[in-house]
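Novice: Chain by chain, the residues run as shown.
Number of protein chains: 2
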Amino acid sequence: MQKTAIIAEYNPFHNGHYYQAQTARHETGADVMIAIMSAQFTQRGEPASFDKWKRAKAAVESGAIDLVIELPTQYGVQRADRFASASVSIAEQLRCQTLSFGSESGDIDAILHAARSHVEETPRYKEALKKALQEGHSSAQASSRAFRTVYPSFDLTRPNNILGYHYAKAAKSIQLHTVKRLGADYHDPSLMDVMSATGIRAHYLDIGEVRAVPASTEAMFRTRPMTHWEHYWPVLQFKLRTLPLHTMMELVGIDASLAPRLKQAGVEPSFERALAAVSTRRYTRTAIQRAFVAVLLHWLKDEAPTRFDEVPYVRPLAFNDLGRLALRDVKDDVPLVSKFDARLDFEARVTEAYRLPLQDDALIEHRQRPQFISSK
Amino acid sequence: MQKTAIIAEYNPFHNGHYYQAQTARHETGADVMIAIMSAQFTQRGEPASFDKWKRAKAAVESGAIDLVIELPTQYGVQRADRFASASVSIAEQLRCQTLSFGSESGDIDAILHAARSHVEETPRYKEALKKALQEGHSSAQASSRAFRTVYPSFDLTRPNNILGYHYAKAAKSIQLHTVKRLGADYHDPSLMDVMSATGIRAHYLDIGEVRAVPASTEAMFRTRPMTHWEHYWPVLQFKLRTLPLHTMMELVGIDASLAPRLKQAGVEPSFERALAAVSTRRYTRTAIQRAFVAVLLHWLKDEAPTRFDEVPYVRPLAFNDLGRLALRDVKDDVPLVSKFDARLDFEARVTEAYRLPLQDDALIEHRQRPQFISSK
Chain R
-8 MQKTAIIAEY NPFHNGHYYQ AQTARHETGA DVMIAIMSAQ FTQRGEPASF DKWKRAKAAV
52 ESGAIDLVIE LPTQYGVQRA DRFASASVSI AEQLRCQTLS FGSESGDIDA ILHAARSHVE
112 ETPRYKEALK KALQEGHSSA QASSRAFRTV YPSFDLTRPN NILGYHYAKA AKSIQLHTVK
172 RLGADYHDPS LMDVMSATGI RAHYLDIGEV RAVPASTEAM FRTRPMTHWE HYWPVLQFKL
232 RTLPLHTMME LVGIDASLAP RLKQAGVEPS FERALAAVST RRYTRTAIQR AFVAVLLHWL
292 KDEAPTRFDE VPYVRPLAFN DLGRLALRDV KDDVPLVSKF DARLDFEARV TEAYRLPLQD
352 DALIEHRQRP QFISSK
Chain H
-8 MQKTAIIAEY NPFHNGHYYQ AQTARHETGA DVMIAIMSAQ FTQRGEPASF DKWKRAKAAV
52 ESGAIDLVIE LPTQYGVQRA DRFASASVSI AEQLRCQTLS FGSESGDIDA ILHAARSHVE
112 ETPRYKEALK KALQEGHSSA QASSRAFRTV YPSFDLTRPN NILGYHYAKA AKSIQLHTVK
172 RLGADYHDPS LMDVMSATGI RAHYLDIGEV RAVPASTEAM FRTRPMTHWE HYWPVLQFKL
232 RTLPLHTMME LVGIDASLAP RLKQAGVEPS FERALAAVST RRYTRTAIQR AFVAVLLHWL
292 KDEAPTRFDE VPYVRPLAFN DLGRLALRDV KDDVPLVSKF DARLDFEARV TEAYRLPLQD
352 DALIEHRQRP QFISSK
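Chains R and H are the protein sequences, given in the same order. FYI, the numbering for the first sequence is -8 to 367, going by this note's numbering. FYI, the numbering for the second sequence is -8 to 367, going by this note's numbering.
Treat each hint with caution, since some may be false.
Put simply, identical chains are the same to the list, so a pair is met inside one copy or across any two.
Unchecked claim - Once the Cα atoms are required to be at most 30 Å apart in a straight line, the calculated DSS-like pairs of lysine-lysine come out as:
| hint | residue 1 | residue 2 |
| --- | --- | --- |
| 1 | K117 | K322 |
| 2 | K160 | K322 |
| 3 | K254 | K292 |
| 4 | K330 | K254 |
Think of the hints as simulated: they come from the structure by calculation, not from any bench.
Next up, chain R with everything else stripped away, as it sits in the complex (with noise of 0.2 Å):
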């Protein structure tokens, strides 16, 4: 049975996904397309414009994808690094034989080549990345800019390149397959209309139309409305201005000097007004809306995992007919979790937190069990 893997936050599913599934199934020879999806909150630290729920069933219910699995919190809004090591591994454990990714270039050899580089491991690099620190810019832009005087035929800082290349060193088995994105440029009435996920948000958001998204997004899109950031701003700066210091400091991503300017941040008028006064340079406004998210869950340090290559279980959140023959394919030999146990305990804080602001009553982390979606 061969299983392709695609690593995604579907935030939402839309017509570029459909296009790169659909793509990797064709040109993997695909059985079963499996997506391991973010859960209630992006890799970028924003809270997901609808539930995971929604979100996985949407992408099974198009028809590209097969079966979505979750990928757990605690891993999921996380730098690009810890993000990829632990999709990577649950494909892996999953026994998927490749893993496939949108690029700009649709090059996989160039990805590869800098992958198998060890460029971190050089003189040069380690040097260059001290200075980097030193002027100033976040651990994530110093990464890139290191590497770049390194090898500079590898643009590490397109976010597409760096989870391509973050996924190449953390493949231990499964083959990786690239298909080359559709740009914003790509637009076929024919065909189908393409927008980036930022892009169709922000369209929705200021003028109410959903486009470029398949009919199972279309009808998401009408069971409530969008979830962003401004939902959460009560809650989060009651919690900003009220947190001790130390208390805060105990959380995820917040140290001694990022503490005392979140709370200062508190006093903005809006999320946007205090995301905004909190971002530096050192301080990106993704670095930021993590320890955001990790003050709205009050995530402790001494909970987050120490490793990201290892994913402790494996949920299935939807699935079709495909989709179920490669959990049976695999549930002799892998975590699965179904029912709702301890091992979910920080998934269902994490989903209360998630619910509670958009006063959502029926989103109750232990009640669900992963969503049958029959066949098309």
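Since the structure of chain R is already known, use the hints to place chain H on it.
Specialist: Same frame as chain R, but now just chain H:
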């Protein structure tokens, strides 16, 4: 200068308080009447109906009180003996000669005799206390019951008797004076209408009418809607549902057996339902309310005072000309706090927690100064 102190919550300041203060002024020959008043949360663990600045102003504007001193939250949201001990220590720091309080009996000798009988040190008391605790009574109720066993003539289960008893036990240099309370049955239209503070708040919530208060308190009720616990339910619920249990156990008044019950109470649809769900004989409503305050404030056990017979500063909230004289009289001997400084960091946090769910943008602790009210 004869200074007479009153320990109060003024939640809100009403006709009974006015009567008590005027009677005490007359009977103790006071030159100045000083109220030591709880801050944004009351002794029983409730957000005050109006913020401390407004409540202090209403008391001074009534003409019955000349100076209001803040009882800091860490000393005020505490069981009766600690509340009493801290308040009395402030009165003694201010060199008040007399402490006057309301009582059902008006019989100061009975209270003094009970307080000086060292009941708690008798073996019979200790044995009765142990038994009552084993039977599942709260520590406050167990104390009252044990007390009755040894000293049946003084009923410690009546709230005002408890406070009087603890004032008497805490008093080192200060003399005690009591004013017989006007009962709820006291009602003489030619004089004034008297209701308890609880009755006044309930009546206001029921039918929107403010009764049995002086004009200054009536004016306060016109400034904004009265505050009550339900205003805090969204953020309290969020915290109950998302704080890790071992984090909750770091908070004042929350132990390993209470923490999971509080978390479970977070599934209730309202504050009142949550309070009812979690209260038992052992965990009284008052104890639970104080635990809820601790959750709201993220009030850590390691921040709490270790002793209650000393309060580190004396902070005026409102005063008139006489009150100013009293402050001048003690200013060289007492750690007076008028401007914001680091000693008020905890109160600033409390005020943030108090105001944010009310969207009261004007209530910023570090901008507040003691209010001078010109005398009538």
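Novice: Would you mind marking each hint as holding or not holding in the structure?
Specialist: Checked hints:
1. In this homomeric assembly, K117 and K322 never come within 30 Å of each other (Cα to Cα): the closest approach is 43 Å inside a single copy and 61 Å across copies.
2. For a Cα distance limit of 30 Å, the shortest separation of K160 from K322 inside one copy, 27 Å, qualifies, whereas the shortest one across copies, 69 Å, does not.
3. In this homomeric assembly, K254 and K292 come within 30 Å of each other (Cα to Cα) both inside a single copy, at 18 Å, and across copies, at 21 Å.
4. Taking identical chains as interchangeable, the C-alpha atoms of K330 and K254 lie at most 30 Å apart only when they sit on different chains, with a minimum of 21 Å there against 39 Å within one chain.
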